Every structure is written in C-alpha cells, then in structure tokens.
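Protein chains in written order, with numbering that gives the first Met the number 0: chain A, 0 to 351; chain B, 0 to 613.
Derived from the structure by calculation, the hints contain no laboratory data.
All figures in this text were calculated on a predicted structure; none of them were measured in a lab.
Each hint should be verified, as a subset may be incorrect.
Simulated pairs of lysine to any residue, SDA-like, Cα-Cα distance not exceeding 25 Å [said to hold, decoys possible]:
(1) A:Lys298 with A:Thr231
(2) B:Lys446 with A:Pro14
(3) B:Lys423 with A:Lys146
(4) B:Lys479 with B:Gly497
(5) A:Lys345 with B:Asn137
(6) A:Lys335 with B:Asp245
(7) B:Lys446 with A:Asp344
(8) B:Lys181 with B:Asn137
(9) A:Lys335 with B:Tyr254
(10) A:Lys335 with B:Pro407
(11) A:Lys345 with B:Asp398
(12) A:Lys335 with B:Glu167
(13) A:Lys345 with B:Arg430
(14) A:Lys146 with B:Glu304
(15) A:Lys345 with B:Glu167
(16) A:Lys345 with B:Arg406
(17) A:Lys276 with A:Glu47
(18) B:Lys446 with A:Ala43
(19) B:Lys171 with A:Tyr350
(20) A:Lys335 with B:Gln400
(21) B:Lys446 with A:Thr104
(22) B:Lys248 with A:Glu316
(23) B:Lys411 with A:Ala43
(24) B:Lys248 with A:Ser314
(25) B:Lys248 with A:His124
(26) B:Lys479 with B:Arg430
(27) B:Lys207 with A:Leu346
(28) B:Lys207 with B:Val160
(29) B:Lys423 with A:Ser30
(30) B:Lys248 with A:Leu320
(31) B:Lys446 with A:Ser314
(32) B:Lys207 with A:Gly348
(33) A:Lys335 with B:Arg430
(34) B:Lys495 with B:Thr463
(35) A:Lys345 with B:Val256
(36) B:Lys171 with A:Asp344
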Amino acid sequence: MSYINKPKVAHPSLPTNTLGMTRRQYEGSMSTLCAGCGHDSVTASIIEACWGLSMRPEQLVKLSGIGCSSKTTAYFVGGSHGFNSVHGRMPSIASGANAANRRLTYVGVSGDGDSLSIGIGQLVHVIRRNVNMLYLIENNGVYGLTKGQFSASADIGTKAKRGDVNSSPPIDPVLLALTLGATFVARSFSGDKAQLVPLIQAGLRHNGFALIDVLSPCVTFNDHEGSTKSYTFTREHYHPAIEADFVPKAQEIAVDYAEGESIPVSLHDGSRVILRKLDPEYDPTDRTAAYNYIETKLKQNEYVTGLIHINETDSTEFHNLNRTAQAPLNSIPFEKLSPGRGALDKLMGRYR
Amino acid sequence: MPGLSANANRVNDFVVKFANVNGTGSASANSLVMKAIFRMGVPVTGKNYFPSNIQGLPTWYEIRVTRDGYAARATQVDIMVAMNAETYSRDVRELASGGYLIYDSTWPRSSLLQRGDITVIAVPLAKLVNENFDGVRNRILLKNIAYAGVLAALIDVDLEVIAGLLNESYGKKPKLLDSNSKALRLGYDYVKQHLTSPLPLRVEHMDKTRGHIMIDGNTAAGLGCVYAGATVGAWYPITPSTSLMDAFKGFCERYRVDPETGERNFAILQAEDELAAVGMVLGASWNGARAFTPTSGPGISLMNEFVGLAYYAEVPCVIFDVQRVGPSTGMPTRTQQSDLMLCAYASHGDTRHVLLFPANPEECFYLAVQAFDIAERLQTPVFVLSDLDIGMNDWMCPDLQWDDAYRPDRGKILSPEELAGLEKFYRYVDRDDDAITYRTLPGTSTKGAYFTRGSGHNQYGAYTEDSAEYQVVLDRLKRKFANAPKYLPKPVMVGKGGNEVGIVSLGSCDGAIREALDVLGRQKIGVDYLRVKAFPFNSDVEAFLKSHSTIFVVEQNRDAQLKSLLTLETAVEKSKLHSILSYSGFPMTAEPIVSGIRAKLAEAPRLTAVPRKT
Numbered sequence: 000m001s002y003i004n005k006p007k008v009a010h011p012s013l014p015t016n017t018l019g020m021t022r023r024q025y026e027g028s029m030s031t032l033c034a035g036c037g038h039d040s041v042t043a044s045i046i047e048a049c050w051g052l053s054m055r056p057e058q059l060v061k062l063s064g065i066g067c068s069s070k071t072t073a074y075f076v077g078g079s080h081g082f083n084s085v086h087g088r089m090p091s092i093a094s095g096a097n098a099a100n101r102r103l104t105y106v107g108v109s110g111d112g113d114s115l116s117i118g119i120g121q122l123v124h125v126i127r128r129n130v131n132m133l134y135l136i137e138n139n140g141v142y143g144l145t146k147g148q149f150s151a152s153a154d155i156g157t158k159a160k161r162g163d164v165n166s167s168p169p170i171d172p173v174l175l176a177l178t179l180g181a182t183f184v185a186r187s188f189s190g191d192k193a194q195l196v197p198l199i200q201a202g203l204r205h206n207g208f209a210l211i212d213v214l215s216p217c218v219t220f221n222d223h224e225g226s227t228k229s230y231t232f233t234r235e236h237y238h239p240a241i242e243a244d245f246v247p248k249a250q251e252i253a254v255d256y257a258e259g260e261s262i263p264v265s266l267h268d269g270s271r272v273i274l275r276k277l278d279p280e281y282d283p284t285d286r287t288a289a290y291n292y293i294e295t296k297l298k299q300n301e302y303v304t305g306l307i308h309i310n311e312t313d314s315t316e317f318h319n320l321n322r323t324a325q326a327p328l329n330s331i332p333f334e335k336l337s338p339g340r341g342a343l344d345k346l347m348g349r350y351r
Numbered sequence: 000m001p002g003l004s005a006n007a008n009r010v011n012d013f014v015v016k017f018a019n020v021n022g023t024g025s026a027s028a029n030s031l032v033m034k035a036i037f038r039m040g041v042p043v044t045g046k047n048y049f050p051s052n053i054q055g056l057p058t059w060y061e062i063r064v065t066r067d068g069y070a071a072r073a074t075q076v077d078i079m080v081a082m083n084a085e086t087y088s089r090d091v092r093e094l095a096s097g098g099y100l101i102y103d104s105t106w107p108r109s110s111l112l113q114r115g116d117i118t119v120i121a122v123p124l125a126k127l128v129n130e131n132f133d134g135v136r137n138r139i140l141l142k143n144i145a146y147a148g149v150l151a152a153l154i155d156v157d158l159e160v161i162a163g164l165l166n167e168s169y170g171k172k173p174k175l176l177d178s179n180s181k182a183l184r185l186g187y188d189y190v191k192q193h194l195t196s197p198l199p200l201r202v203e204h205m206d207k208t209r210g211h212i213m214i215d216g217n218t219a220a221g222l223g224c225v226y227a228g229a230t231v232g233a234w235y236p237i238t239p240s241t242s243l244m245d246a247f248k249g250f251c252e253r254y255r256v257d258p259e260t261g262e263r264n265f266a267i268l269q270a271e272d273e274l275a276a277v278g279m280v281l282g283a284s285w286n287g288a289r290a291f292t293p294t295s296g297p298g299i300s301l302m303n304e305f306v307g308l309a310y311y312a313e314v315p316c317v318i319f320d321v322q323r324v325g326p327s328t329g330m331p332t333r334t335q336q337s338d339l340m341l342c343a344y345a346s347h348g349d350t351r352h353v354l355l356f357p358a359n360p361e362e363c364f365y366l367a368v369q370a371f372d373i374a375e376r377l378q379t380p381v382f383v384l385s386d387l388d389i390g391m392n393d394w395m396c397p398d399l400q401w402d403d404a405y406r407p408d409r410g411k412i413l414s415p416e417e418l419a420g421l422e423k424f425y426r427y428v429d430r431d432d433d434a435i436t437y438r439t440l441p442g443t444s445t446k447g448a449y450f451t452r453g454s455g456h457n458q459y460g461a462y463t464e465d466s467a468e469y470q471v472v473l474d475r476l477k478r479k480f481a482n483a484p485k486y487l488p489k490p491v492m493v494g495k496g497g498n499e500v501g502i503v504s505l506g507s508c509d510g511a512i513r514e515a516l517d518v519l520g521r522q523k524i525g526v527d528y529l530r531v532k533a534f535p536f537n538s539d540v541e542a543f544l545k546s547h548s549t550i551f552v553v554e555q556n557r558d559a560q561l562k563s564l565l566t567l568e569t570a571v572e573k574s575k576l577h578s579i580l581s582y583s584g585f586p587m588t589a590e591p592i593v594s595g596i597r598a599k600l601a602e603a604p605r606l607t608a609v610p611r612k613t
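The following block holds chain A by itself, in its conformation from the complex:
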C-alpha cells in the first residue's frame, strides 16, 4: 500500500469536467493493496472514466464481493454508496438493488476467485438475467488475501510462486460470457489505461450487462517468471484486436476513422462507441465469430483485448422483460402500491 495520504485540497488549476468537478473528487479512500498492484491501476481507470463521463457520484452504486479486487470499491468515487457483500454473492445484491431502482448506475468489481469459483453460479445468472450493470473482473490468476493459491483462471502450466505447477484448465470469463449471450463483453489489461477507460465508459452506458475482464497482475504472488499472469507475460501476449473510442452524447466525432475499419455503435443514452478494428478479419457484432476468434487466439497464447462483443439492439435487459415501471420501484408512493380497503373487501368474496 501507499503510505502517503494525498492532501484533500486540490490545486485550483486542476482540470474540471462539465459538472465542475476535478478527478480528485472521484477518488475514494486510500488503497490498502500492495504497491504496484494492477488493481490500483484499474481503480485509476474507473476514476478517469467516471470523471470523463461527468457522472454524478450519488448516481453511481458500487458493489463487490470479497477479495483484493472487492476491496477496491472503497478506493474510487467516495461520494457513492458502496456495498461490500459476501464472497461471490455480489451479483445477487446487484440484481436486487437494480430491481429496486433502475435509474442508478451500477458497477460491480470482482476478482477471478470471487467470480469464477465461489461465485460462478451468481455470475452466470446475473448475465442470464441481463441486469443493467458494469461488471469488472480484476483477473490475476491467484488468491491474494490467502497468499497465492491458484484460482480457476490460472492457465495450465503456469507456475506458482512456491513452484507448484497448475494442471487444471482455466475458466475464461470472456468465453463464458459469450456463451451465455452477454451483450457487452470486453477484455483489457490494467496496464493499458488508454484502452481500459473508454471500455469502462462504454460499459457504464451500455443498456444491459457489461463484462470487462481486466488482466491485473498480482505483484506479490503472481508476477514471477513462469507465471502467465505476470506483467511481463501479459505485455508480451496481449493482442489488441479492436480498440474502442467512447464518444459522449452530443459530442461530434472529431477523429477521422478509416472506411471499413471502424464500426460506430450508438448506445442507449445517445453516446457512441467507435470500434476500430486492428485486425481486419474481426467482427465484434458477430457473437459466434467473436467466440471462435478469441478461442483460436487463446490457443496461440494470445489474449485478445478490446471490446470483443457488443449487441446494442438486444432488448432482454431485466426491466425491459419485466415491463417495470419507468419510475424506480423504491420511489412509487405507497398509495399506488397498496390496493386499500375497498379492494380487500371485494376480494374476500373469492374466499367464501
């Protein structure tokens, strides 16, 4: 962890967003993770993304389970409500919270242990339920808080710090999410802020469940030679196939994108994502093609990164299917919820 708490007072020349807020105002409490932890970089990207979106902190809800990654919800956007729940069960908290108030923006932060072992059932079902939220997996292949056991995302042949070699196949959250029909699936690397920030912004604005698997090396337990989740290995093997540029609502597209290499996707709220294909063979709107591409590259030891799949036309978001009232359920006046005495008196006839 860092031992120097930054002063609360911000320099007057710090840039502000459209709400007049500085990046500093999107920070949370001080991180207690190890110095150099990939998760802290992800936290920084979340702060940057929320600042860039000019998001009102009180409109954001932060949810997590248990583990190093789950602690990080305390380290960004201190002005938001946070719920650090129990191990692997954040998706159910998110589902209930979202059911109660569809208007807020929900971001869940989880890890590979939290999401792919103890909580894989809940992850699978929150995807299936298509709850409108951004779900980040800070994926490092190990259990950090219990000191370095392999997680379910550890690759075959990867070596633990103490020398054990993993022999069980990994569960890849990206392939899992694609299989389940998730409508926004991305992978990134904690060390690539330029790629990660627009992905987070697009994921927050996507209407439905958005998964970003972030390779986020554990400097203490999984950053050695022989590990396939180290900084060195990840930098060497990550393969940006498709870059995403996030364009907020009402902002002109300023950059020229080459014809045929870029795909503009309009998001629910009027903002846009411009997908720039670095690999011309790749089509991120075709789920089957995306799956095959990722799997092929994985076999070649390459982590494909970027916005791997997006389907913005899908209408299976939970509240859409439920036909929930537009007003948040938690705001509907009691008089509209309770049928009253007259209705009850009438109903009694059914039971005579």
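Got chain A; can you put chain B on it based on the hints?
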C-alpha cells in the same frame, strides 16, 4: 345399519377423509364438499396430506365438520371415502368404530372388508361414470365429482349450494358445467335410489361462518406483502412456500399493473438458489424497496451467510419460512415447527434475529405487513415462521380487514433535506440513544454516501480492526435486540391467569390447544395459556413464566426448541417447564395435550384445578 345409534348426536360434528391418488383431480372435488359445508354456515377445516410427488402416489384430504369451530385436526375419522385401492386396507383400519366406509363397488373388494363395527357403503362409481362419460381423463376427473355427489346425499349437503359453487367455477364453460353437474347428480341420485340417507352424521344449516373466509396462509401472506407495499420479491421454488410467491404474483398482476401502459409496479426475481434469493432481498432493501423472500428450512440453511451480513450491516430483510419436516430434505409435504433455533441464531458469530409466529392465515396477513415495519424500523432480518399446515391448508378465518390510514414505518431513513441539515452523516452512530441508527439510500446525495460492509466496522462506517471500535458497534446491536420487543406483537393470553398450571406455545398449535383447554375445562382442570407471537420475548412472557408453577410447552418438533429458547432467553427455572411435543409431520391434535397434562397432573394432584394463591 350398525353404528347408527352411537352417532346420533353427531350433526355438524364429524370427520370425512378422502383417500385418493394424487394427480387425479380429486382436490377440486374435495374442496367443493368443504366449501359447500362452509357456505351452509357450518365451521369446517380442510387438511391436505399429500405426497412429494406429481402423480400416482397416495394422497388424503380430511374435512372436519366442527360446529364448535375448532381449527385443529380431529383425532378420529368417521367417514372414509376410500378411492385408492393401494391404501384401501389401511384406510379401512383407520376408520373409527361405528364409522362409514364409502367405496367404489365396480370392482368387488369383499376380502378386504373384515370389520364388523363399520358400515360399508358400496357405490359402483366407475361403472356409473363410464356409462355416462367418454374419455379416460374425463372419466377419472368426473368420478371425483360423482363421489362428491354420493357424499352430499349421505351427509345431507345442500345440493343448491354445491350447484352454486359449480356455477361459479364453470359458469363461463358450459360444457364443463354440464358434465360436472351431471356427475354430481349421478352420485347423488344413486344414493337416493339405492341407499338410506342421510346418515346420522350429517350437516345442518347453521349461521357460524358469516363474516368469515376460507383461505390458506401462503395466500394471506402474499396478499399481506402487496398491502405492505413490497415491490421486490425474490425466491427459489421450494415446497411448501411456493404458493406464497404465486399468490404475490397473482395479486400484483391484479393490483399493480398500469391498465394503460402495462407497466408493473413490482419485480419478481426467480433466483438461481436461495443464496441469491436472499441476496436480492438485501440488495433491494438496502436500496429502499420493501423486499422479501419466501422459503422453507433447506432455504434458510443456505441463506445463513447473508442473514449474518444483514444483521451486522443492518439491512432490513423479510424472510418467510414456511416450515416443513426436517432435518435435511426431510418430508417436504409434511408440517413441523422445527426451524426455531435455526432462525433465532442464524449465521456465524454472535447473531440473534427477530421471529414472528403466525398461528393461522389471518395472522399471516397481518404479520406479513408488520414484518416489513419491524424490519425497516430495526434494520435487521425478520423471519415470519409459518408452517405447511398454516401455509397450504384452507382455514376458516374472520374476513381480513384493512385500515386505509395505515402508512408503512420505513424506519430511520434520512431524506435529502434532513441530510442537508446535518454537519456530517455517520451510518452507525447512535444519535437517538435507542440503538437504532440512521441510514441513507443510494442516489440521495454524496453527503449521505457510506460504505456497507460485513467486515469489522466502527460507528462511522469505516473498516476497523480496533477492538474497542468493533465492540461499540457489537454492543449497540445487542441493545437494539434487547429493545426489539417494544416493536413486536405481544403474546396472546387465554384464561384469567389465575391458575397454577400454564401452557406456553406458538403458531399452529393454537387450534389444538384451545380445543384441549375446552376438554380440560369440562374435567375441571383450569389451565392458562400464553401464545408467543414474537421472539425476542417480551416482559409478558417473563411474567407468565414467573406466575405459573407448572408450565407445559407445546410445540411441533422433537427437540423442544421453543422450550430451549425460553430457557436461554428468559429467567425461567428449567424444572418448571414440561414439553408436549408432536413431530409426526401431521398437524397437532388436542389429544396429546389433554393426555400429557392429565398425566403430569396425576403425579401432582394438588395442582388440579387449584387456583394460584396470591
């Protein structure tokens, strides 16, 4: 006919049991008979003893015609409608001496009829039905209605009343109405032409059901959730709680859908398991919706982890536990009160929870509403401990009442204006010195933002590993629990309280106890009765325990769980408490209570009918 004279005084006071095969549609015929008797103004109970199975296994339905209005199961069967060949011999055995056996004589069963003390009534039901109707499924269904007709003739159920009921069910389907009416007449007319009727066990019009309904507890609880303003229901299907969510859904579709837009003011989430179901309730409650989950024992076992989080992080949460027979999978379609200890101390670490004990469907409705008020006032999980007998059987209850002046108690939730007036907001600071702290809802303002966690936290809501800071919060939680009774329903007292002997019980034992008190009263044995409606116990419970020298604790489990709670959570002398237990899986009857109390008092005759010296 033998046995006639013995039953001469049994007008509106006897038991009919139907032995059927499940999945054959017998339930509608049986409830038709029950409802007709109810509409004749005669109090009645209906108990369904069904298997954990969809089709093919034995199932029984028992109607108690009870002019005195007893709610409990009776101890003897007077009329057996034996429609299941597989259970035929045991059904014959179960019949009380002097009773009547109705069977389908299409196939002779003379070898099985070895009792001389009962009257056998042979009706060729299958033959009658096969001669008049086509189609295998149709014949199976209508045979049930035909035996209802037989029974109607034998016990003198008003045919007009039954016709009225059929009309209500099939009024819009004339073909079904015709066939059902015809089947009913087939049975009825056969009796009138070939047998002596009515039997001495018969029904006569009374006026004791006016202002009453027949309803099951799960329906009433589901309705209570709607009236309480619950908007989020999360669940995983489990017998015997499933019909609670079915009812909630049905009522929501009736009362909560905007007729113009089709928009729904509710969300029901069928979770992947009970862990997720209760997690969803926590998420929704934390976010300011009234949310609940119905489940049964195995579900509670799974929910333990989250229940501890809700207790420690102080998130309101309403859980209906419609108890069934444990341990483990147990007998899912049988009743018990065996989750008391599980719920009272659910989850690891020092935890204690509020429990509510409805005794009948009427109380399921009112306690469902109250459960949300209590959960939000105390910011803690509240368990409503119903059981299969209450939840799935039709009980006669007074009409449910509603006061339009009722407004939910949402507890201490700070509004944006209140927050603006505060210098700083801290989630767990005891500002009012009542051990209940203020909470804020997400979306309110950055000033109200806080971090909810199940890890060690101080009163400011921050993570802590400091012993003193941790204990401040934990000790306040203890005070909160100690203060809880003032928000909880008071126990119900029956009797003047002047006897030395008392009964303490809870929930669905109530009917059996009230009946036992009548029996004991006729034998000049005076007993006071206190029924707890909530845990933690209030001072009335303590006073009752103190003022009675011999106390019978009546409950439906093997291990005397209510007695355990009383000894753990009150100052009562353990030696004063005597258990009367029923854990067969069938609803309790008055018999073990009467005999248990009589046996004990025989050891100490001084107590019999001796009022307490003051």
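Structure-based check of all given hints:
{"no.": "1", "hint": "A:Lys298 with A:Thr231", "in the structure": "holds (19 Å)"}
{"no.": "2", "hint": "B:Lys446 with A:Pro14", "in the structure": "holds (23 Å)"}
{"no.": "3", "hint": "B:Lys423 with A:Lys146", "in the structure": "violated (38 Å)"}
{"no.": "4", "hint": "B:Lys479 with B:Gly497", "in the structure": "violated (34 Å)"}
{"no.": "5", "hint": "A:Lys345 with B:Asn137", "in the structure": "violated (34 Å)"}
{"no.": "6", "hint": "A:Lys335 with B:Asp245", "in the structure": "holds (21 Å)"}
{"no.": "7", "hint": "B:Lys446 with A:Asp344", "in the structure": "violated (45 Å)"}
{"no.": "8", "hint": "B:Lys181 with B:Asn137", "in the structure": "holds (13 Å)"}
{"no.": "9", "hint": "A:Lys335 with B:Tyr254", "in the structure": "holds (9 Å)"}
{"no.": "10", "hint": "A:Lys335 with B:Pro407", "in the structure": "holds (13 Å)"}
{"no.": "11", "hint": "A:Lys345 with B:Asp398", "in the structure": "holds (11 Å)"}
{"no.": "12", "hint": "A:Lys335 with B:Glu167", "in the structure": "violated (30 Å)"}
{"no.": "13", "hint": "A:Lys345 with B:Arg430", "in the structure": "violated (45 Å)"}
{"no.": "14", "hint": "A:Lys146 with B:Glu304", "in the structure": "holds (23 Å)"}
{"no.": "15", "hint": "A:Lys345 with B:Glu167", "in the structure": "holds (16 Å)"}
{"no.": "16", "hint": "A:Lys345 with B:Arg406", "in the structure": "holds (21 Å)"}
{"no.": "17", "hint": "A:Lys276 with A:Glu47", "in the structure": "holds (24 Å)"}
{"no.": "18", "hint": "B:Lys446 with A:Ala43", "in the structure": "holds (22 Å)"}
{"no.": "19", "hint": "B:Lys171 with A:Tyr350", "in the structure": "holds (19 Å)"}
{"no.": "20", "hint": "A:Lys335 with B:Gln400", "in the structure": "holds (19 Å)"}
{"no.": "21", "hint": "B:Lys446 with A:Thr104", "in the structure": "holds (18 Å)"}
{"no.": "22", "hint": "B:Lys248 with A:Glu316", "in the structure": "holds (20 Å)"}
{"no.": "23", "hint": "B:Lys411 with A:Ala43", "in the structure": "violated (35 Å)"}
{"no.": "24", "hint": "B:Lys248 with A:Ser314", "in the structure": "holds (23 Å)"}
{"no.": "25", "hint": "B:Lys248 with A:His124", "in the structure": "holds (21 Å)"}
{"no.": "26", "hint": "B:Lys479 with B:Arg430", "in the structure": "holds (13 Å)"}
{"no.": "27", "hint": "B:Lys207 with A:Leu346", "in the structure": "holds (20 Å)"}
{"no.": "28", "hint": "B:Lys207 with B:Val160", "in the structure": "holds (16 Å)"}
{"no.": "29", "hint": "B:Lys423 with A:Ser30", "in the structure": "holds (23 Å)"}
{"no.": "30", "hint": "B:Lys248 with A:Leu320", "in the structure": "holds (15 Å)"}
{"no.": "31", "hint": "B:Lys446 with A:Ser314", "in the structure": "violated (35 Å)"}
{"no.": "32", "hint": "B:Lys207 with A:Gly348", "in the structure": "holds (17 Å)"}
{"no.": "33", "hint": "A:Lys335 with B:Arg430", "in the structure": "violated (33 Å)"}
{"no.": "34", "hint": "B:Lys495 with B:Thr463", "in the structure": "violated (53 Å)"}
{"no.": "35", "hint": "A:Lys345 with B:Val256", "in the structure": "holds (18 Å)"}
{"no.": "36", "hint": "B:Lys171 with A:Asp344", "in the structure": "holds (24 Å)"}
When held up to the earlier numbered hints, the structure conflicts with 3, 4, 5, 7, 12, 13, 23, 31, 33, 34 and fits the remainder.
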